[in-house]
Amino acid sequence: MGTHAAPRTRRPTLFAAVGATLLAALFGIPRADGAPRSADLCRTTGTALPRGDCGPFWQVLAEDFDGDRVPLGSFSDCDHHVDTSAAYCGGLRGSYRDNWWAYPTGWRDTANDRGRSVVGVYHPEDTVSVGPAPNGDGRMRIRMWRPDDGGPVHAAAVVPRAVMQMKYGKYSARIKVTKLAPGYKSAWLHYGGGCEMDHPEGEWTGSLSAFHHPCGGGEQGSFRGADDWTEWHTVSTEWTPGHVRFFVDGRQVGHDTRDVPDRPLSWVLQNESALEGPTAAPGSSAQLEVTWVAAYAYGWK
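The numbering used here applies: residue 18 is where the sequence shown begins, and numbers increase by one.
Take these hints with a grain of salt, some might be off.
As the list claims (entries may be wrong) - Here are the simulated distance ranges between beta carbons:
hint: 1; residue 1: Gly-294; residue 2: His-98; range: 28 to 38 angstroms
hint: 2; residue 1: Asp-96; residue 2: Asp-165; range: 23 to 33 angstroms
hint: 3; residue 1: Gln-182; residue 2: Gly-107; range: 14 to 24 angstroms
hint: 4; residue 1: Gly-259; residue 2: Gln-182; range: 35 to 45 angstroms
hint: 5; residue 1: Asp-83; residue 2: Gly-211; range: 16 to 26 angstroms
hint: 6; residue 1: Pro-299; residue 2: Asn-129; range: 12 to 22 angstroms
hint: 7; residue 1: Gly-153; residue 2: Gly-111; range: 33 to 43 angstroms
hint: 8; residue 1: Gly-300; residue 2: Ser-112; range: 29 to 39 angstroms
hint: 9; residue 1: Asp-276; residue 2: Gly-300; range: 39 to 49 angstroms
FYI, nobody ran anything at the bench for these hints, they're computed from the structure.
Every residue, glycine too, gets a C-beta built ideally from N, C-alpha and C.
With the hints as constraints, model all of the structure from the sequences given.
So this is what it looks like as structure tokens:
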């Protein structure tokens, strides 16, 4: 959802530079020259789904989609107890009904409030599915599309139920846009009560960024994370008391302390019609794939 684009040396002696680098590596603190920490608290840098607790975080969701098939049409009948931890989609079965919800069919996407000429409507039943890639890797696929007749984009926002209405935590996923077209974007977010944290966000034809909108208002924090949605990236948000940190491929790309939320919020994997640049053409489609999702509670133990 956010608005957009990103910020970002007396030379020390050799020994001072080496010392600063060692301190950063050993203690995970920012270097004196402002360079980011090398990894998040769980060292979520690799391609494999991380498993187990780490630091102050207790893992409550570890989903790799392997061995599962959830065909198109299954994410349907989703308007039960909406926006609460009891929400569910009647078309899902078993663990997917237990673990996943989606914005119901007919809800309007963000572009409807921005005066865009092309807007979107959420249709999880014909945009979201789960199944193996040609190499056997299990993936959730989010294929958004615009009808040939020029109607609204069919958008998708999926929500892991384990972390709905949760205060603080760590949220990670490995993602890639596997089919690119103008007019489609993501804004995975936590929001509510005037607070908002978005990561990753951006039009799929542009760069991948993170944004923090302080609860008390004021200028947003914006942080560029990666140049290309069509490469695999591991994205993570760490939300702890008074801090939000954003990571891409284990590299800290942003940190903000201004009016960080201190209330329970849900993690929404929101994908929708673009808010900037070209609009989706009639008959076009674009696809994002997710190979794993991991989420952690903070300090519950």
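A quick look at each hint next to the structure:
1. Gly-294 <-> His-98: 28 to 38 angstroms: holds, 36 angstroms
2. Asp-96 <-> Asp-165: 23 to 33 angstroms: holds, 27 angstroms
3. Gln-182 <-> Gly-107: 14 to 24 angstroms: holds, 21 angstroms
4. Gly-259 <-> Gln-182: 35 to 45 angstroms: Check failed, 20 angstroms falls outside 35 to 45 angstroms.
5. Asp-83 <-> Gly-211: 16 to 26 angstroms: Roughly 39 angstroms apart at Cβ, these two residues miss the hinted range, so it is violated.
6. Pro-299 <-> Asn-129: 12 to 22 angstroms: holds, 18 angstroms
7. Gly-153 <-> Gly-111: 33 to 43 angstroms: violated, 21 angstroms
8. Gly-300 <-> Ser-112: 29 to 39 angstroms: holds, 35 angstroms
9. Asp-276 <-> Gly-300: 39 to 49 angstroms: The hint (39 to 49 angstroms, Cβ to Cβ) holds, given that Asp-276 and Gly-300 are roughly 43 angstroms apart.
Violated hints for the displayed structure, listed by number in ascending order: 4, 5 and 7.
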